Amino acid sequence: MGRDYGNRPPRKPAVEEAGAGPLGDNGPLAPAADLRLEKFISQVLRTGVLTCLFLVGIGFILLAFHPAGAMHMVLPFREIFPAMIRGQGTAFIDLGILVLLATPLARVVITGIGFAWQREWPFALISLAVLLILVASIIIGSH
Amino acid sequence: MDWLMTAAILVTGIGGGLLGALVGLGGGILVVPILTLLLGVPIHHAIGASLVAVAATSSTAASTYLDRHLTNVRLGMTMETATTIGGILGGLTAALLNREILSGIFALALVGMGISMFYKVKDEGTAIALNPQASGFMAKLAAAYQDPYTHQRVDYQVRRLPLGLGLSFIAGNLSGLLGIGGGAIKVPAMVLLMGVPMRVASATSNFMIGVTAVASAYIYYTRGFVDPLVAGPVAVGIFLGASLTPRLAGKIDSKAITKIMAVILLVMAVEMALSAFGIRIH
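Chains as they are written, first to last, in the working numbering: chain A, 33 to 175; chain B, 17 to 298.
Read the hints as simulated data drawn from the structure, not as lab findings.
Computed from a prediction, not measured in an experiment: that's the story for all the values here.
Mixed in with the good hints, there may be bad ones.
Said to hold, decoys possible - Stretches of chain B that chain A covers, calculated by requiring three or more beta carbons in the stretch to come under 8 Å of a beta carbon on chain A: (1) 64-72; (2) 89-103; (3) 156-168; (4) 205-214; (5) 224-233.
Claimed, not checked - So, partial list: chain A residues that the calculated Cβ filter (under 10 Å) puts toward chain B: (6) G89; (7) S159; (8) S169.
Beta carbons are placed, not taken as given, at the ideal position from N, Cα and C, and that holds for glycine.
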């Protein structure tokens, strides 16, 4: 069943870009801005996880050469980069874990900005609230 | 550097990720008892590692579901306000509890999960009654998705949000306390009580779990309960295990696996309960 588009050329529905397949007769599943945001969040999540796996992998390869550098505690943040330069394997694993723990945080920030961009203020505020709760958990934990 | 231990932790992660993903659990529920009972990892470190791994698998799965446009991002974000607060409180509580009490609570959770596996929510599209009265905020939570198998467009609305928020809080609390995802509570709550279709519920649950897990993981991290030599291999292992699952899913009788899992969970529950009283079988 084709829709009558009049004189205008049929516009490719935005949802097909998101790989959702053929559509029914009710138009796109969501506004194009939503689908773009979902795609972007998805890429951020995947990048975060792959970066973590890469760093943990490097960390264990380095530990194979210098097993003495193995630490059972995550280093304080400011000591991680100097330790990485010294080639300490666990520092790479530490950074991988921190990247992983930062990924959902980044996701919340990006979703919030996306909602603000669309002027969806209730959801922008909700995202801000979740962000503040996460920041609070870091602060509460360190006291 | 104990390579045998590292290999054992990695294999534990792969097994937990594989089995967990096959039956729709995060993997933490299997990994924590194996790490503590078989490998002698302190339970707080096992839970810390599990939370890190949950963040990895949830982000990976959430990414796939987002690409298929199954996730309700607005609903997920709204429910996250409750799960994260629950997660922080759970994490703080766990830090105060000793090993024995935490093992006991974990044993109870295993029993609950084991029993619920026998009565698993059917993984089929649920008929949704549209609520035409929805307006304002609730109307914005309504969405549509395309079922990947029937290729039909499904429109749905969300009901009973306050109840959903309450249950998300409890799910977050358990996540922070025990290092499990909490999807076993959130998915049935969304499907049975809030009128969310099954596929959307599991996609949205996965979307939330990562944020819930890190809310409590920060507490474990700052309290020194994240051991890179445990959390690193567990995260990689669970990621690998969960990635292998789609290749196996079609070839395995998922009903049989679910029953086997239920039995495994109950056996682990007994061992965890015994260890809570200081009795070790191994």
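Quick rundown of the hints versus the structure:
1. 64-72: The restraint on the segment 64-72 of chain B holds, since 3 of its residues have a Cβ under 8 Å from chain A and three suffice.
2. 89-103: n = 9 at 8 Å, threshold three: holds.
3. 156-168: n = 8 at 8 Å, threshold three: holds.
4. 205-214: violated (count 0)
5. 224-233: holds (count 7)
6. G89: Nearest chain B Cβ about 7 Å off; hint holds.
7. S159: holds, 6 Å
8. S169: holds, 5 Å
The structure shown violates just one earlier hint, number 4.
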